[in-house]
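Enquirer: Protein sequence lines, in the order shown, are assigned to chains H and C. So the first sequence is numbered by my numbering: it starts at 613 and just counts up by one. So the second sequence is numbered by my numbering: it starts at 6 and just counts up by one.
Derived by calculation from the structure, the hints in this document are not laboratory data. Any given hint could turn out to be false.
List of simulated lysine-lysine pairs, DSS-like, C-alpha gap at most 25 Å [unchecked claim]:
1. C:57 - C:46
2. C:57 - C:24
3. C:14 - C:41
4. C:45 - C:57
5. H:715 - C:57
6. C:45 - C:24
7. H:664 - H:715
8. H:664 - H:681
9. C:14 - C:24
10. H:715 - H:681
11. H:664 - H:615
12. C:24 - H:715
13. H:715 - C:45
14. C:14 - H:615
15. H:681 - C:27
16. C:45 - C:14
17. H:615 - H:681
18. C:14 - C:46
19. H:615 - C:27
20. H:715 - C:72
21. C:24 - H:615
22. C:76 - C:46
23. C:76 - C:45
24. C:76 - C:24
25. H:615 - C:76
26. C:27 - C:76
27. C:72 - C:41
28. H:715 - C:41
29. C:49 - C:72
30. C:41 - C:27
DEER-style ranges, computed between Cβ atoms [said to hold, decoys possible]:
31. H:707 - C:121: 37 to 43 Å
32. C:70 - H:671: 33 to 39 Å
33. C:33 - H:707: 38 to 44 Å
34. C:66 - H:677: 23 to 29 Å
35. H:669 - C:121: 42 to 48 Å
36. H:654 - C:33: 20 to 26 Å
37. H:663 - C:82: 36 to 42 Å
38. H:679 - C:121: 26 to 32 Å
39. C:67 - H:671: 16 to 22 Å
40. C:85 - H:679: 27 to 33 Å
It should be emphasised that the depicted structure is a prediction, and the values quoted were computed from it without experimental measurement. Even glycine gets a Cβ: it sits at the ideal position worked out from N, Cα and C.
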Amino acid sequence: DAKTTQPPSMDCAEGRAANLPCNHSTISGNEYVYWYRQIHSQGPQYIIHGLKNNETNEMASLIITEDRKSSTLILPHATLRDTAVYYCIVRTYTGYSTLTFGKGTMLLVSP
Amino acid sequence: DTAVSQTPKYLVTQMGNDKSIKCEQNLGHDTMYWYKQDSKKFLKIMFSYNNKELIINETVPNRFSPKSPDKAHLNLHINSLELGDSAVYFCASSSYIDQGKNTEAFFGQGTRLTVV
Numbered sequence: 613d614a615k616t617t618q619p620p621s622m623d624c625a626e627g628r629a630a631n632l633p634c635n636h637s638t639i640s641g642n643e644y645v646y647w648y649r650q651i652h653s654q655g656p657q658y659i660i661h662g663l664k665n666n667e668t669n670e671m672a673s674l675i676i677t678e679d680r681k682s683s684t685l686i687l688p689h690a691t692l693r694d695t696a697v698y699y700c701i702v703r704t705y706t707g708y709s710t711l712t713f714g715k716g717t718m719l720l721v722s723p
Numbered sequence: 006d007t008a009v010s011q012t013p014k015y016l017v018t019q020m021g022n023d024k025s026i027k028c029e030q031n032l033g034h035d036t037m038y039w040y041k042q043d044s045k046k047f048l049k050i051m052f053s054y055n056n057k058e059l060i061i062n063e064t065v066p067n068r069f070s071p072k073s074p075d076k077a078h079l080n081l082h083i084n085s086l087e088l089g090d091s092a093v094y095f096c097a098s099s100s101y102i103d104q105g106k107n108t109e110a111f112f113g114q115g116t117r118l119t120v121v
């Protein structure tokens, strides 16, 4: 079973920041937080991951709370092409492990 | 170039048939996976291979048999197809690198299997 809780859906206006929350209160010390997204009819796409520090790349920023029990994915300037299901996943970084997908958050970016 | 490619993209077949889905990755990864996404859109791991060896088998019927001829390929063969096998199947790859760390996974575009 997925170890994360996300809202089922969110709306965002084009050009605004999209802030997607995720709760992972049972996260272990050796587990990272990963974010993937799935645009309709496509394969999941890696966005970003982090352990405890905030992370930023060309796609998004990841803010992890100090107690690591929750995180927020930030898309700074959402576009229509960001409409997708966003998955927050906790995964051990070491040792063989797979991605366990939950239900994710359906983000709808509107004009 | 496509990093993880699957063929075919669409597959329609009758119950009882045997079919295969092929997957190839050109990323130099040593770990490959098969995921199944059902009609409710849940993505579930089926198999994981590392260096051609089966690592994870998640309670999948033995009608499903993955085969990894080399590190770059992981094919999925399905015997005696059933209606419930209809789903989108995704192949993915990643690397298990120094000190046992996993890199992010890259996914193919999926194979939509419809059993009629």
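Enquirer: Does the structure break any of the earlier hints, and which numbers would those be?
Expert: 1, 4, 5, 12, 14, 15, 19, 20, 21, 22, 23, 25, 33, 34, 38, 39 and 40
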